[in-house]
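Visitor: Once you have looked at the hints, place chains P and C on chain H.
Chains as they are written, first to last, in my numbering: chain H, 1 to 98; chain P, 99 to 1036; chain C, 1037 to 1453.
Hint data in this document are derived by calculation from the structure and do not stem from the laboratory.
Hints are supplied without guarantee of correctness; some may be wrong.
Within a straight-line C-alpha distance of at most 35 angstroms, the following computed DSBU-like cross-link-like pairs (lysine-lysine) qualify [said to hold, decoys possible]:
{"#": "1", "chain 1": "C", "residue 1": "K1389", "chain 2": "P", "residue 2": "K940"}
{"#": "2", "chain 1": "H", "residue 1": "K30", "chain 2": "P", "residue 2": "K929"}
{"#": "3", "chain 1": "H", "residue 1": "K30", "chain 2": "P", "residue 2": "K417"}
{"#": "4", "chain 1": "H", "residue 1": "K48", "chain 2": "C", "residue 2": "K1066"}
Simulated coverage check for chain H against chain C, where a stretch passes if three residues somewhere in it have a Cβ under 8 angstroms from a Cβ of chain C [said to hold, decoys possible]:
{"#": "5", "stretch": "3-10"}
{"#": "6", "stretch": "24-37"}
{"#": "7", "stretch": "40-51"}
Stretch by stretch, here's where chain P covers chain C in the computed footprint (C-beta under 8 angstroms, at least three residues) [to be verified]:
{"#": "8", "stretch": "1052-1061"}
{"#": "9", "stretch": "1337-1350"}
{"#": "10", "stretch": "1355-1369"}
{"#": "11", "stretch": "1421-1430"}
Just so you know, these numbers come straight off a predicted model, no measurement behind them.
No residue lacks a Cβ here, since even glycine has one placed at the ideal position from N, Cα and C.
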Amino acid sequence: MLLIRCPYCETERPELEFRYGGEALLERPKDPALVSDDAWTAYLWTCKNPKGPHAERWRHVHGCGRFFNAARNTVSDLIVSTWRVDDSPPANFDGGGA
Amino acid sequence: MTQPFRLPSGGRIDRARVLRFSFDGRAFEGHPGDSLASALLANGVHLVGRSFKYHRPRGIVSAGSEEPNALVTIDRGAGRMTPNLRATQIELYDGLVATSQNRWPSLEFDIGAIGQFASRLIPAGFYYKTFLWPPRAWKHLYEPLIRRAAGLGKAPGEPDPDTYAHQFAHCDVLVVGGGPAGLQAALAAAAQAESVILCDEQPEPGGSALHDPARASELSDLLAKLRALSHVRILQRTTAFGMFAQNFVALAQRLSDHIEPSAASGPRERLWQVRAKRIVLATGAIERPLVFPGNDLPGVMLAEAARIYANRFCALPGKRIVIATSADSAYEAAGDLRRAGAEIVAIVDAREGRPIADDFNVIAGAIIDTKGRARIEGCTVQLADGSTLPVDCDVLLMSGGWTPNASLLSQARGALRFEPILQTFVPDVLPPGISCVGACAGDLRPQGDASRPIHPKAFVDFQNDVTSADIALAVREGFRSIEHIKRYTTNGMATDQGKTSNLNAMMIAAAERSVAPQDIGATTFRPPYTPVTFGTFAGASRGELFEPVRRLPSHQWAKAHGGVFEDAGQWKRVSCFARPAETMRDCVNREVLTVRKKVGVFDASSLGKIELAGPDAVDFLNRIYINDFSALAIGRCRYALMLHESGVVLDDGIVARLAEDRFHITTTSGGIGHVLQHMEDFLQTEYTDLRVWLTDVTEQWATFAIQGPLAGNIVQSLLPDAGLSQASLPHMSLRELVWNGSDLRLMRASFTGEAGFEINVPSVQGAALWDTLVDAAERLDGCAYGLEALNVLRAEKGYIIVGQETDGSVTADDLGYGKMVGARKGDFVGKRSLSLPHLAAKGRKQLVGLLPLQLAQTFEEGAQITQAPHPASGTHALGHVTTAFWSATLDRFIALALLEDGRARIGQTLHVPMPAGAIAVQVTSPVFFDPDGSRLRG
Amino acid sequence: MQRFSFLQLLRQSFRNHEGWEPQWRAASPKAAYDVVIVGGGGHGLATAYYLASEHGLRNIAVVEKGWIGGGNTGRNTTIVRSNYLFEESEALFEHSMKLWEGLSQALNYNVMYSPRGVLVLAHNTTDAQVIRRHVHANRLAGIDNEWMTPEQAKDFCPILDISRNVRYPIVGASLQRRGGTARHDAVAWGYARAASALGVDIIENCEVTAIRRDAGGGVQGLETTRGEIATRKIGLVTAGHTSVVAAMAGLRLPMESYPLQALVSEPVKPVMPCVVMSNSIHAYMSQSDKGELVIGAGTDAYTSYSQRGALHVAQHTLDALCELFPIVRRLRMLRSWGGIVDVTPDRSPIIGKSPVEGLFLNCGWGTGGFKATPGSGHLFAHTLAKNEAHPIVAPFGLDRFRTGALVDESTAAAVAH
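Just chain H, with the same shape it has in the complex (with noise of 0.2 angstroms):
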């Protein structure tokens, strides 16, 4: 069971107070309507799934029920820092590959 900082709680819980949210930083389209169906369904569905460090969400669901991203080690599983969605990631967090 990992254990996970919510930075909006600044606290370190275990994992079953979070729900895992998927790859972080993904931009929805700003105007859907405008993109063609590749961008549309790349945006939808791809996924980058590094294995090493990968930017991703989760939400303090059984806490203040906030949205946050992390930086996380796919391999070890070790959080290497979370931060709240309006903060910029780490500076040396290379998001998880191209």
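Guide: Positioned in the frame of chain H, the structure of chains P and C alone reads:
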């Protein structure tokens, strides 16, 4: 004479008390402090089990949790039968009943042992090469025979009445292993740390010091110091069995199996989940057997085990002992056993650099054979010059050296390296926060290696009957990876998980492949370290605690009034309210007709409810739902659909506007969790410009539907001063009122097609209001109705249920709700996907009604729809039936279906193939009753 | 290939089993191949075997970064069934089922396919509706699957508790009699042996480090830890790691990798004649020939390549099984392990061409790939050999995510009221 092999003094048993126990029906005696194994040895019993494959007689090999052979079933009364327990770990209590396993009719005369004679024919992997013909024989003949012969003990036949507990703990330092190294590590840690937990799998701490008289005072000194420290917690009978991410360790504590059943109380076992800042592994080392022909006879055991039995348990394994070794530690065993009264016939040492021990008959050589049937009687020693020497003995001890017990380290992704001086693997790379001390770290007495002859009777894995010849065969057949060899031979896959066999197997494989042991590598250790009871994982999570039960406000009333309950998610909902002597179908028909003709009340409290507030509420709704809410007036409601971003229907419900910036929203009963997650997701991470707040108020409001031509009468009598009329509260509108001193939200809405209302009151008022409503309904010849009647009422009107008419592939247009999409508003969740080729394609499945052409014919939900009356196997289905039922209103069977190009097929005749034959159906509109909705307006 | 038979076993037993040959050749990579299969699991080995046996290709290599069958092939709960809902899935898994039925004989290797029956339990009205829909769809497709009352289910599997007063009562079940289990390792080894005999090079300890492409973007070859290999056609069959290898060709896929755990009990004498699955409780269990109860858990909540699941996930599975089979509460977990599964948005596999010329995909089998092993290999071999998708796998192309024609079996079981 009882206990003929019991030593007169010393040790850690309490001779003052005698414990009676039975093994395979024979009565024996032992003492407190004994294990079942030590008590059996004190009584001269060595034969305790039969091996898995060849059913060979087997004795006690070890004195600990690494034991491969001595597995027994312990019977503690009804439902308390436990198979496959190690006699070496079972603490003796008065009245203990143990039986041997995997033998028939008895341990001494086991029919299965004829397998031995076929052993030449059934080496490792034989089953992959035969049983191929005839093809059906595998299922009907060979496999049943193999299954019957396999398995060890019998599974319990009754539910387990015992309870299990869970505990979470945090500590600065967790020390695993209570031997001298672990105790010292705990003491050292305690000087700095605020909290220390030490766990140890044995009944008392001490580890190897428990059988080393020279260290007795050191041990009691250490324990006294530790026990004086309040921040050190010592857990006995507690095995650390699993290492998980971020120093999360699982421990299994055995609480009551060592107590006689009549005196045992409380939970049987406890699962500890410990988060430690630092972990010290002091898990010791495991002695390896030697690999030689006949090394599996009862009476052949590990040298240190014999020392443990003599020194700690005062049970002498034999009187004439031969010791075969490649490790110095065996000489200490020899000394202690001689002092205990045994004759050390010879020490056979395989090493060049063996120690000088003039007081023993030390022979340079190796054992090449043993004799005896169910107990060793002698062995043959091959000397350095090649000559052989027969030696008589009643016990043959072996020590192939020690292997650091690195199972937990391996689980934690630590790495091992081969240490040539010790001829074994030792810890190399330690994960962060984990350290090893003592023998586990490779701190071992001098030891070397012995040869491992390839022979079909030289056993490596005793329990699974894997021999050195099997490993050589696997290598010969091209299995090179140690993981392949393990799987092909099953070495290390028995209930001991290869604690005594893995290293020998690796060394044989390395030699056969002519590669260095380092290059062949170790197999991965997997949790648990030793087997852990399923019940321990489950803990208190059983029955209602396994999954919470949610009950409606009307639950008690329903129980008293014939309510037939059904599970829907966590809710207990009521299918119907059956009257005496009423069949379920009669009951549903009565409830349906009562609603259509008079009035019915329904407990809809399980509906999800969300309170939405904020200045941008309308904007948010417009982006989440397909509908346009811009023009929704205060006090008005709208049926609304929500899509997944992929364009398919996610949920539906009613959105009611309470104020300019406040809405009352309902969701499906099962949908509230994911709908709220969906809304929050968009609100927090996508529509961050919107000032809107969402609150789940499902538990705050009790919700009742009052439906039928007389519904208005009930509401009028309930709220006489509200002045409600069709004009002041039209269909799909809402009013906030007060009833009985509480807030009340009254909505004119219908899920039945009848004029009706939905009333929300605070949950605490729910039961009272329900009683009032049922009373009022019954005075008007109305009744309470259940889920089944609701399902019929709504389907007669063609109203959908998300999850029944939808299945994750259905769009709003498929349901006939395409017009609900707000044409003038901008983007909303799922909109873009609606123009993807497949979603915009012609010929999609659409919601229609079906009527069987012959009135008496019925079919089931889920039935398929075809063009032809007698479809050939593999015929494409045009659709399927989503809802099918007897309509009491129409007095006929009707159904809803999703059908390819369904709206264009209205009027066609199609077929529903059922097992007894196809049923011809006519495709109709999904609205069977009151299509123009005149009844809604009362 | 040295034939396996009882007579051969007898003959070898008189020679102390000295005469057995390696089951497959330990090959080293050649400079070039017509087709290279990346991934030596069951699906990859089966693909190579059918390429050689049915399409006459001989110059084929299977490259495996570790040891063959060491990924999900060796880590699953070995369930075989074809009672899927949608016609596309039915065709795919039934094709596989038919191959299972003669596989031991075809490969001359006992893969222990044991059609002992797969029982799927219904615990409430919604379950029953969903399961009945499967039964009807399967009957129309000619796939055996039958509805059973609780009493009939208990007759078939006596350790079921069908009393009504439990938290999750059994209200009915479906049974696919031809469903069952097979021996996972044997499937990998049997295909490897048969493929090797047809000249396929099986190259272990050979990890792909890069995919080389020509000026037009087409596949040119592979770089591996054992040197460069030239090829114009690559079949990517690397369950769990597909995203990682596909990224070497610049591809980003609709796929996430999740940990999936399984576990076994200590062996006991036979108590379970069949496979039992409960989708509501998220648990499934069968008993191996050795006597171990084989138990599958759900995937963990977050993506990971750690091959290590969380304790609370396994715990929840065991809670559920103890609830379903109260007599197992006293049995003990012997061994647990984790695999990495590729999960696509619609939980169905991706088989076929990729946008990169010469790169073919066979991935995304999620938690249920083992049962598809023979069919997947057979149909993928066709696709590779003919340069176009076999009709059965055509609906499972990558393109479906662009058109929206998803094949989503999982949401057909959606619980909502």
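Visitor: When the structure is checked against the list of hints, which entries are broken? Sort them ascending.
Guide: Hints 3, 5, 6, 11 not satisfied by this model.
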